[in-house]
Each structure stands twice: as C-alpha cells, then as structure tokens.
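Undergrad: In case you want the letters, here they are:
Protein chains: 2
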Amino acid sequence: MQELIEKGQKAKKAAFILGKTSTLIKNSVLSDAADLLLKNEKTIVAENEKDLKAAKENNIKGALLDRLTLTKARIESMADGLKQIAALDDPVGEMLSMKKRPNGLHIGQRRVPMGVIGIIYEARPNVTADAFGLCLKTGNATILRGGKEAIHSNKAVVKVLQQALTSNNLPMESVQLVENTTRDSAVAMMKLNEYLDILIPRGGAGLIKAVVENSSVPVIETGVGNCHVYVDSFADKKMAKEIVVNSKTHRPGVCNAAESLLIHKDIAYEQVPLICQALADQDVEIRGDEEVCRLFPSAVKATEEDWGREYLDYIISVKIVDSVNEAINHVNTYGTNHSEVIVTENYSHAQQFLDQVDAAAVYVNASSRFTDGMEFGFGAEIGISTQKLHARGPMGLKELTSSKYIIYGNGQIR
Amino acid sequence: MQELIEKGQKAKKAAFILGKTSTLIKNSVLSDAADLLLKNEKTIVAENEKDLKAAKENNIKGALLDRLTLTKARIESMADGLKQIAALDDPVGEMLSMKKRPNGLHIGQRRVPMGVIGIIYEARPNVTADAFGLCLKTGNATILRGGKEAIHSNKAVVKVLQQALTSNNLPMESVQLVENTTRDSAVAMMKLNEYLDILIPRGGAGLIKAVVENSSVPVIETGVGNCHVYVDSFADKKMAKEIVVNSKTHRPGVCNAAESLLIHKDIAYEQVPLICQALADQDVEIRGDEEVCRLFPSAVKATEEDWGREYLDYIISVKIVDSVNEAINHVNTYGTNHSEVIVTENYSHAQQFLDQVDAAAVYVNASSRFTDGMEFGFGAEIGISTQKLHARGPMGLKELTSSKYIIYGNGQIR
Numbered sequence: 184m185q186e187l188i189e190k191g192q193k194a195k196k197a198a199f200i201l202g203k204t205s206t207l208i209k210n211s212v213l214s215d216a217a218d219l220l221l222k223n224e225k226t227i228v229a230e231n232e233k234d235l236k237a238a239k240e241n242n243i244k245g246a247l248l249d250r251l252t253l254t255k256a257r258i259e260s261m262a263d264g265l266k267q268i269a270a271l272d273d274p275v276g277e278m279l280s281m282k283k284r285p286n287g288l289h290i291g292q293r294r295v296p297m298g299v300i301g302i303i304y305e306a307r308p309n310v311t312a313d314a315f316g317l318c319l320k321t322g323n324a325t326i327l328r329g330g331k332e333a334i335h336s337n338k339a340v341v342k343v344l345q346q347a348l349t350s351n352n353l354p355m356e357s358v359q360l361v362e363n364t365t366r367d368s369a370v371a372m373m374k375l376n377e378y379l380d381i382l383i384p385r386g387g388a389g390l391i392k393a394v395v396e397n398s399s400v401p402v403i404e405t406g407v408g409n410c411h412v413y414v415d416s417f418a419d420k421k422m423a424k425e426i427v428v429n430s431k432t433h434r435p436g437v438c439n440a441a442e443s444l445l446i447h448k449d450i451a452y453e454q455v456p457l458i459c460q461a462l463a464d465q466d467v468e469i470r471g472d473e474e475v476c477r478l479f480p481s482a483v484k485a486t487e488e489d490w491g492r493e494y495l496d497y498i499i500s501v502k503i504v505d506s507v508n509e510a511i512n513h514v515n516t517y518g519t520n521h522s523e524v525i526v527t528e529n530y531s532h533a534q535q536f537l538d539q540v541d542a543a544a545v546y547v548n549a550s551s552r553f554t555d556g557m558e559f560g561f562g563a564e565i566g567i568s569t570q571k572l573h574a575r576g577p578m579g580l581k582e583l584t585s586s587k588y589i590i591y592g593n594g595q596i597r
Numbered sequence: 184m185q186e187l188i189e190k191g192q193k194a195k196k197a198a199f200i201l202g203k204t205s206t207l208i209k210n211s212v213l214s215d216a217a218d219l220l221l222k223n224e225k226t227i228v229a230e231n232e233k234d235l236k237a238a239k240e241n242n243i244k245g246a247l248l249d250r251l252t253l254t255k256a257r258i259e260s261m262a263d264g265l266k267q268i269a270a271l272d273d274p275v276g277e278m279l280s281m282k283k284r285p286n287g288l289h290i291g292q293r294r295v296p297m298g299v300i301g302i303i304y305e306a307r308p309n310v311t312a313d314a315f316g317l318c319l320k321t322g323n324a325t326i327l328r329g330g331k332e333a334i335h336s337n338k339a340v341v342k343v344l345q346q347a348l349t350s351n352n353l354p355m356e357s358v359q360l361v362e363n364t365t366r367d368s369a370v371a372m373m374k375l376n377e378y379l380d381i382l383i384p385r386g387g388a389g390l391i392k393a394v395v396e397n398s399s400v401p402v403i404e405t406g407v408g409n410c411h412v413y414v415d416s417f418a419d420k421k422m423a424k425e426i427v428v429n430s431k432t433h434r435p436g437v438c439n440a441a442e443s444l445l446i447h448k449d450i451a452y453e454q455v456p457l458i459c460q461a462l463a464d465q466d467v468e469i470r471g472d473e474e475v476c477r478l479f480p481s482a483v484k485a486t487e488e489d490w491g492r493e494y495l496d497y498i499i500s501v502k503i504v505d506s507v508n509e510a511i512n513h514v515n516t517y518g519t520n521h522s523e524v525i526v527t528e529n530y531s532h533a534q535q536f537l538d539q540v541d542a543a544a545v546y547v548n549a550s551s552r553f554t555d556g557m558e559f560g561f562g563a564e565i566g567i568s569t570q571k572l573h574a575r576g577p578m579g580l581k582e583l584t585s586s587k588y589i590i591y592g593n594g595q596i597r
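Sequence order for the protein chains is A and B. Residue numbering for the first sequence follows the working numbering, starting at 184 and increasing by one per position. Residue numbering for the second sequence follows the working numbering, starting at 184 and increasing by one per position.
If you are wondering where the hints come from, they were derived from the structure by calculation, not from laboratory data. In this text, all values refer to a predicted model and were calculated from it rather than measured experimentally. One or more of the hints may lead you astray.
In this list, chains with the same sequence are indistinguishable; a pair is considered to hold if it fits within one copy or across any two.
To be verified - Lysine-lysine pairs mimicking DSBU-like chemistry, simulated, CA-CA at most 35 Å apart:
#1 K448 - K331
#2 K283 - K421
#3 K420 - K283
#4 K266 - K203
#5 K424 - K195
#6 K581 - K283
#7 K484 - K193
Could you build the full structure based on these sequences and the hints that come with them?
TA: Here it is as structure tokens:
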C-alpha cells in the first residue's frame, strides 16, 4: 500500500534523526506538545464532535462511545501524561554492560531506540498522544493506525504533536497517522517489515489475535487476562475476601481484573458462602462448579467454557480445588499468563505458586490489579505483555528500546 | 498437523517439569548425553551413512554434503559442546531486580525458561545436539525440525539425548524430533502458537525469510550478514589492510564475514590498490565502483545489486565514499544490521560511527569476525540475532530465557 510505504520511508529517516536527538530536545517536544494540546483544546473537541456524531449515527454507544469522547478534562489528562513522560529518565544510551575480553577488545552493550514502532489501536484518541509520548521519549519514530471511528480526533491530535516536533526542529514525520482506516491498511502495516521494527496492537482480544496471526513484523502481544485468585486452605480469611473482591470489582473491565476464583476444599464449606456473598453484594454474578452451587445456591452452574473466559464484567467463575497442585495446574491450563494470585500464610505453598505458575506476574497476598506500569513504578506504560519474548508484564520505556553491541578495538583480528 | 499437536502437548508437560529441575540434574543430563554420544558413535555414523547415501543419489555435494557428514571427530565435538554447556552458569532463577514499592509490595523480576522452543534448521545434524544442550540448560523443552536430508542422523542423535533424559528421570519429550520433514510440517510449526513460545530458524537466508514471513509464533531472526568495513581517511594503514583481509577471508562462508569495503576518497589513490591487491592475493574477486576499477584495473564493475549482496564467498564489493556520513548512510541503506566496522584513528569519526550505524555489533578497529557468542564470552551461542526485539547480536543462554514478576504482598489491594 503506497501510503504505508511512503510513511515507512519517512519514518525511517525521522528515526535516524531521533536516534541522535538529546534528551533535552525530546523533553522540550513533550512539554510543547502538552501545552499545544491545551491551547488547541477547542479545535480538538470540535473535531472529536464529528467523530461522535458519526458514531451515534452508526449506533455506537456505551463504553465504546465513552472511550471515543474527548472532553476538556480528558485533553488535560493527555497533556499531563506527556509532561509525566518528560519527567521520566531517558533510558536510551544507558550501558547495560561493558567488559574487556582477553584479546583486549572492550565489548559494551548500549541501550538504543527500536527505530520505527507501529501501533494499531481502536477508537481511543487518548492513545494517540500517549503512544507518541512513550515512543518519542525513547527516540523512536511512530506510525499510528487508529480506529476509523476516531479519525477526525486523531488527525487533530497528531497535527498538534507534529507542531511540537517542527517547532523543535525535528521532522514532523516522527509521528504519522495512517489516514486510510480500511482493513487493508491494518493488513499492510502487519507486512511492513522493511520499515517497521516492531508492531504493538492495543485493544481487545480480537484485534490482538488478528495482529499476532497475520503480522510478519515482530509483535508484542498485549493484554488478554483470564486472571485467577486462589484462596489456599491456609489463607487469612479477611485478607482473602478483600483480595478477591478487590481483584474482581475494583475495575472489572480491565485485563488485570480477576475472572476466576479457586478455593481449597478444606475451607470451602465456610469460605464459599462468605466470599461469594461479598461478591454478590457488589452485583457480581457467580458461576460455580457443582459444589459451589450447593454451598451458594444463587450461583449459576459454570460450563467448561467458563474456565477460559475473560468476562471483563461483573461475573466470576468459582471452582473448588483439592490442593495447591490442582490450583497451579488449573491456572496453567486455563489462564492467559497474565496475573495470578495465591492467598496463603503457608510458606511452601506461596513459594510453589510463585515458582510453578506460568504468568507475567504472580502474586502472594495482593490484588491482581497491581499489574500496571504506574503501580510497578515505571511511571507510564505502553501495555502489558503476555508473551515471553522481549518483554513480559507491564512495559515501560525500557521495553520500547533495543540494544547494540559497541566494540572498541585496537587492531584485533582472528 | 496431528504429529505437531501431540508433540506440542508433550513438550508443554515436559517444560513444566524442566522449569522446576535443578541445575545439578540438568548438568547431569548434558554430561550423560555427551558420554552416550561417544558410546553410540558407531551407530550414529552408520545412520548418517544412510543420509549420505541418499544425499549422493540426490546429487547433493560440496559444502552441503560436508555439513551433513558426521565423523568420529564431529561426534566428539558435539559431545564436547554439551560438556561446555554443562560448565556454564545456569541463568534461570536469577533475580534481575527486586524493589519495594511505597505500599509495601516487594516486586521482583526473575529469569525463567521460555517454555517450549522450536528450532527449524537445515541438514546439519550437529545442530541437533547443540540446540538441545542450550535449550535444556535453560530449562526449555525443544521441538526440533531438521532438514529431511539428515533425518536418520537426527533420529539417532535424538534417541541418545532422550536416553540421557530418562536415565535422569526427566521426560524424554524434553527433546522431540519432528519426523515428518515435508514442507507441511515446517508450516504447521510456524502456526503452533498454542504450544511453542518461540521459534528460531537456523540456516540460510531463504529459510529465515520463509519463517519470518509465515510464522505467527514469535520468531528470533538470525543471521543474514552483509557486513561492511569502512576505511576512514584517518585509518592506520597497516591495521586497515589487516582488518579488511581478516574480515573477508578468515572464513568467507559465515554471516560475520565482510561483504563490502568502503574507502574514503582522500586515501583512495594509495589504499585502493594496496588493499585490493592484498585481497586479490587471497583469491578474492573485487567488484568496484568506477573509481575503484580505474585504480585497480583487475576489479570487475559492481552493479547496484552488488551493494546489497551477501556473497558468502571470495568476492567483495568496494566503493569510494566522500565522508564518514556517506559511509554511515551507505551502511544503513544496504547493510543487514549485523556487524559493521570502521577503521580510524579519528576520535569523532569513531564515536559517530558507533552512534549512528544501526547494527547488532559496531566495531572500531577490529575485525567483523568477532561477532560470535564464544568471542563475546558467552561460552556458546544459538545464533546471531539481527532483529531488535528481545535479543540483538550473539545469543547465549540468557537469550533463551524470559522473565516473570513475582510479587510478595501482605494483603495489599487497590
């Protein structure tokens, strides 16, 4: 697709410039972009209105419409986000190691930008500024391909970001928006190996699956979370209830929310009614196995399919297990390797769960909701990786960088 | 494909066991496998004879036939390789970081195995033992899909490796050989996302390209090297000649050999004849630009295509450039981001080349031939990554691992 090839060529040139741009200049761009977002708030909101009008005509409503909406407060939040990124340390240039070899070569590993990063996302215009900020700070050029429903909003935001770039004498092609929002442009982006160094999908399970299956550009898979809380027979009871309720109900629509509860059989008689009632009090629907339904009669019978579901809603599956081994096996079978929790006071069970559960983040006695770049102290995040290559768990600035070996010699040959 | 699904399921179970196996046991397997290779040398050579007979009937010869051949010495070398891997530190379990958050959570990042690693390679039976050793040491199960020409040799080697596993009470499915060697099995492996955590192609440019383009399993791209040596106007002349000759002729058939020479115009009149003659003395064919052909009349005229070629042979392209900027631009345009060399005594030129050349390894005043796991001090290597995701440059044991966050709480909720 011609648009993407041209954007790829320009992005590659921009990436070369960004790679040698100082942190001071990059921070200046971020700060200017924040100011310009505020200054152009009315224009951006007006462009967003066009998207909202079209969306309503297409019968888009609820959470989707809400995510598409830009208000003064949301634009302020986008600007704040850019300022926060400006305040973070720049990881580029850090030496990860340097050693002297027996032949006198000094071999160092230096952190460098990825180059050109592609982001495919849905109709969330706030991602536009956010992704730009993280990529720019790490010296990367960005090609953004947002959802078609947000095209006017995205154009308005990108225009402002590009103003901040040019006013700092950086190429405006450091961030580019793909204007063709047909399916074809997404597919073309997934095959743009010549220009894209990595591709990050941000959005729902369907989008991520499509990108993983079709992209020949290296992908970082983010986000699907069928997260479990396992309440061990040795759990502190008050803590168990609090962690289950928090993991499920603090924000049910996000990937680190709990979707499934496992309870040890020895405490099921007492704990199933208590914990299920606490969940029900928060309007959570319980889908239990046979024994759970017996102990908590307002539970619905769970099907095999329920164990693998990411509800993203006020629903939880509940199962009674015989042992920590069964809990670990269940989690490794049905989980999505995102965030998994054990509540226990038993040392060996805690260690076994940490060792044997295969997930990006494994918790003892804490809510699954902590799997988040801010909570981990990264200051910002581009997403949560559920793959094992390159990055696993919340991804901050470092995860948007690569490395290269630099070797100082004085005439060494083999 | 049923064979691959079954092998995938078994590999996943084996990976769970390997993930909790101690370094002592893993080393014992490696040591036993080395002994068993030597003990079964005659059987392996006899099976290899079948492959060689078939290969000769199919008119395979030269380097291909040589790589397929197993001799007593080569089996000893495979065994030595496994013993060397046993002697290396086990990276699994290493804590990469551990910090306490303001809310009291202790968040640590622990190095863990990848899980199941797929390797697709050509008719080189020594890769079978080598890949197994590296993957086992890092706690990974391995599915090997070697070239069809080596099927008897590979079966014999894998049988021995599996004996070493079972005699240490580990599942024999820790290493499995795909017995279907049709194109279909390679394609099926590239889509085996449910069971494979990563896929590493080892072989020529065609194989790697096919895997990168078709795999939905995360891939580590290895190896194509169109490497350059740039001789700056400030180069030490003796050093320049030695580094060029070594980079080109020490082992022309490998990816870190130089394929192209750039010479600054200010020293071209003197250096082009000297360096080209030194190369010609080693039977290297010179393909030069117009000026090079004038200065060294036995050079052949290079075409545009030559600048992008990985000859893997006694051929080099030679071009005269106006400046270090032009050299960097040429390298970034035609190179494959593998290994790039500047020869110079000028401080600023050296730093600029290190900063601005986009490659896995960038050298000042040393041969490109050092891009190698052993030379970098890793003790072993699974290949040289030319992508930017996860690993870049020579990959040792660490690059076969992932990480997971382990979080110690005491009841934290959000």
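Undergrad: Work down the list of hints and note, for each, if the structure agrees.
TA: Now the hints, each set against the structure:
1. K448 - K331: Neither way: K448 and K331 sit 50 Å apart in one copy and 52 Å across, limit 35 Å.
2. K283 - K421: between (55 Å within a copy, 24 Å between copies)
3. K420 - K283: between (55 Å within a copy, 25 Å between copies)
4. K266 - K203: within (21 Å within a copy, 44 Å between copies)
5. K424 - K195: Result: close only across copies, 33 Å inter versus 52 Å intra.
6. K581 - K283: This pair counts as both: shortest intra-copy Cα distance 25 Å, inter-copy 19 Å.
7. K484 - K193: For K484 and K193, only the inter-copy Cα distance (32 Å) is at most 35 Å; the intra-copy one is 56 Å.
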